[in-house]
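K.L.:
Residue-level listing of the chains:
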Amino acid sequence: MITTENLCVSYNGRTVLRDATIEAKPGSILGLVGPSGCGKSSFLAALNRLTEIIPGASVSGRIQFDGQDIDTAFPSSVELRRHIGMIFQKPNPFAMSIRRNLELPLREHGIHDRQHLGQICESVLRDVGLWDEVSTRLDQSALNLSGGQQQRLCIARAIAIKPQVLLMDEPCSSLDPMSAERVEQLIDSMRGQYTILIVTHNLAQARRLSDQITIFWTEDGVGRIIEQGDTETVFNETSNAIVDSYLTGRKG
Amino acid sequence: MRSDQSLTIITRALAVISAAIVLLIVLFLLRESTPALRQLGWSRFFTDASWHPLSGQFNLTPMIVATLVTSSGAIVIAAPLGIGSAVFVNFYAPRRLAAWHRRLIELLAGIPSVVFGLWGLVVLAPIIATFGGSGQNLLTATIVLGLMVLPTVALLSDTAIAALPREWIQGAAALGMGRSAIVGWIVLPGARRGIGGGIILALTRALGETMAVLMLAGNIVEMPSSLLSPGRTLNANIALELGYASAGHRSVLFVSGLMLMLVVSVIVLFVSRREGTRRDG
Amino acid sequence: MKSIIATSSLFLLCLTLVGCTSSPSTQSGSSELSGQLTLTGSSTVAPLATEIAKRFEQQHPKVRIDVQTGGSGKGIADVRLGVADIGMASRPLAADEADLTAHRIAADGVGLIVHDSNPIKELSQEQIIAIYTDKINNWKEVGGEDKEITVVHKAEGRATLEVFLKHFGIENPSVKGDVIVGENEHAVKTVAGTEGAIGYVSIGTAEADIESGVRIRLLPLDAVKANTENVASGAFPMSRPLNLVTANSPSPLASTFIQFCQSADVHDLVKSQYFVPITSESAVAK
Amino acid sequence: MDSGPATSRAIEVRHHWREFCVAVAVWVAATSVICVLIWILADIAIRGLAEVNFGFLIEDVQDAGRVGGIGPIILSTGLILLVCLVVAVPLSFGTAIALTERLDKESWFARNVRRSLDVLAGVPSIVFGLFGNAFFAIALGLGYSILSGGLTLACMVLPILIRTSEQAIRAVPAEYRYAAAALGMKRTTILFRVVLPVAMPALAAGVVLSIGRALAETAALIFTSGYVARTPESLLDSGRSLSVHIYDLAMNVPGGGSKAYATACVLVVLLLAINAATALLLRLAGLHNRSTTGGSL
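Protein chains in written order, with this note's numbering: chain H, 299 to 550; chain E, 922 to 1202; chain S, 536 to 821; chain C, 43 to 339.
Restraint ranges, calculated between C-beta atoms of paired labels, are given here:
| hint | chain 1 | residue 1 | chain 2 | residue 2 | range |
| --- | --- | --- | --- | --- | --- |
| 1 | E | Ile938 | C | Leu117 | 23 to 31 Å |
| 2 | E | Thr1080 | C | Cys77 | 18 to 26 Å |
| 3 | E | Arg1017 | S | Pro708 | 58 to 66 Å |
| 4 | E | Ile930 | H | Tyr309 | 48 to 56 Å |
| 5 | E | Ala1020 | C | Glu101 | 36 to 44 Å |
| 6 | S | Asp803 | C | Ala181 | 39 to 47 Å |
| 7 | E | Leu945 | H | Ser356 | 54 to 62 Å |
| 8 | E | Arg1024 | S | Gln660 | 55 to 63 Å |
Hints listed in this document are in silico derivations from the structure and should not be mistaken for laboratory results.
For glycine and all other residues, C-beta sits at the position ideal for the given N, C-alpha and C.
With the rest of the complex left out, here is chain H (with noise of 0.2 Å):
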């Protein structure tokens, strides 16, 4: 579904991340793991090209979308995002209604009729497990949720624009644990209907979620790709020392 080859990111000319090389299967679920600042997040924000908002950021190498390079799949950025859809790790909510919050990037991407709006929010929040505890009020504010709800608000968001790839920047890790667990749960749940690459601190987490496994690691304030595979043969049979006492808590 989506492949990378030599992606490299710098930010002011410094390099971030270098040679990243991955393929996430159709469907599937990408854990992507390592250590702090060692580029898993800038390798995300490559992804949907959100690197063009922050300062600085430069970014080279391929990317290709369903076998297609994205920069001819996707001549704007506006249209390449609404295949490829972001959770952050802080849930981000906009400061209007839950309703608004799930209508407005409708809108924007062409649906104005009411109903029709209408069915798509009840949808998502069903799919996300929100809509018995919020269809009453849908009108109030979305920062009155929770940090769960929020977080599963963001995810129908998201998901609301029906996009084949979901990028995850630790969706848990702000999380208080029953939510995350909530969270987790729903991501679980949707394997199949989405390519998801998500990024994780959580070891237990990225094994019981992810289908594959991509490990990254800094060498030098670089960081790199240094082992990926199916996820159960990589917590088992790495032959990569550095990863074996990662993944086993002794590194990292």
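Fit chains E, S and C to the supplied structure of chain H, relying on the hints for placement.
P.N.:
Okay, now just chains E, S and C, sitting in the frame of chain H:
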């Protein structure tokens, strides 16, 4: 601890002095305008036939209208340009250009009003005069006033926009929203309080501006019939007439100063109260 | 801790000092002529008074004379309030100003000015009144081009305004102006920037401006050319005295200064400011 | 995808249009503002710069300003600013310290002081002129003098100065105070030894900013410090500030135009220098990191 106490006492005393200045101003305005108010009452300032203080006619209404027209007109000019500038430096300008743009706007904020007045009189008025008349009218004054208060709107909007959480903008971008949609749906609504505050502050600046308006507005005391008709603001009236005013007339001018002060205080207090309740929003 | 108290009390000290130095700003001079004089008032007289004051100070180094402008009315008001020792007024004193004394130092004419592209040659008394009272609105009606007339008028209290109104016998409330200005140069700039404009300013300043290439033209009045010679000879009808105004008992220093202003020693200065010197006989005018 | 590819194409075209129009509007707004600024500055420079030279800056005002320089004007302006700052700086630093003494929440006292300062900030400059004329010049008997003008300006810049000082003090990280307090230092010591030194560049920037505001003021000075264009001998003498000189030359003196523009050039250059100084001081204080957020979307 003695020194701590004396510090508190001294600084508080200084704070009281600072705060008392505004009361002192009101007190003196009241004192100086009492003779006129006692002799004429309030109503004559609105019901007299016209403003001819030497002939005993004291209608301030046309000047109040001219003051409000020029100030609100200035906001109509300054708000879109100022907000546009703020959006420009935050979302459209290349980084180097943004820094320069900010610096130039700050410079614009520092240009003295007499210089604006001079430029308006010598450069702008002859251009406006092609619509007829001398070019010294409410339109010219409004345009120059708009330019003068524009930096206030631009700089405060800039601050408000820059203070927005980066996550909102990233989140909106990640949802595939275009740049204009992010600005229109997320940024401007999110920063509306800061932008609104900037506009209100600009309004008080416009209400308080004297010299440039005096040089440009034509200074006729008459109910303006269009933007192209000349008019005199309360400020310009004080500056024009205080110099030669004799006792009674001087007192009337203090009344118009008092009125100006009242209008501005009401606006400022309204805003500060609104800001006080900001946390509920 | 001590340093803090010291610093804070220093601040307070500064404040008190600043608040207390409110001694009166003028002291009248004694026989050896020292002290300070404050002149305020007419913006027409001020440049002349400044030049005379400079010469006076050169002769009496211990004397200091401050000259401020703001209009004749301000000069009169300031003398009454005691803010100024001498007021400057470019008009005779009015009836309700009898508590003061006027000392005439020069004369000036008030002339009508139009844009220099305006072909109009002369306006009659009636035409001017009609223009200023909004009965005539187009140059066509007085024999000029088809162009709207922009009437430039002065703010109440300016001496030129009073001279003008008195000469033409118009009540100020009946005047319908298009622009009201405070200062002479504002009037000149407005007329120079507007082809259809008419205004009135001190002939002295108008001549100075014309000399430096400003696009205005003085109109003759009652067939008398508006220039300083005709003001000097008394031929120009709309003229005014330039007065120094004092309370009835001026200080010795003020008296000496006024005498100096009226002496022949300063005629060159009066002429250099485009005004007309007066002969010493008519020195004290009311 | 509910909306088919055909409509999706149409939406994209519409988006492009909208992006284009908004971008054009924003660029036009920003460019036109800058163009007008350049227009004004160029106009002043063309008409006045030729007259500016070192002699102009120090020579006496002669023939009502038509000849000579602006030496006394610069001196008067400096003295007015000096009076203004000598009064305003201690007052506002003291007030700012009083307003920031409780960092957690606003006391009744602070709220009302701040409210009255907000009103003061909105007072029109001509009203300051009225007040200064009635209070300093007449009631206190200072007459038209540098002292009257400086004190009036002090009242005028007070709100800005207090606001910037307050921000400067608040910008000092609370950890510094905690660390100092944990070492058993007194509040006064913490303030003078820890907080104020750190806040100093930002405090100075506030002072510089107020100087800029005071320099630009005309209306409040005409009726307080007066018009006298000569070298003042004491603070009780009247003195003409640069902006009043510009107004007087342009509006009162036939043939004073070029000198008026020359004075305007001097004033604008001064203000430029002040702007640069503020930016530098704020950068030293680490407050001006906004430029890092600039960028494109």
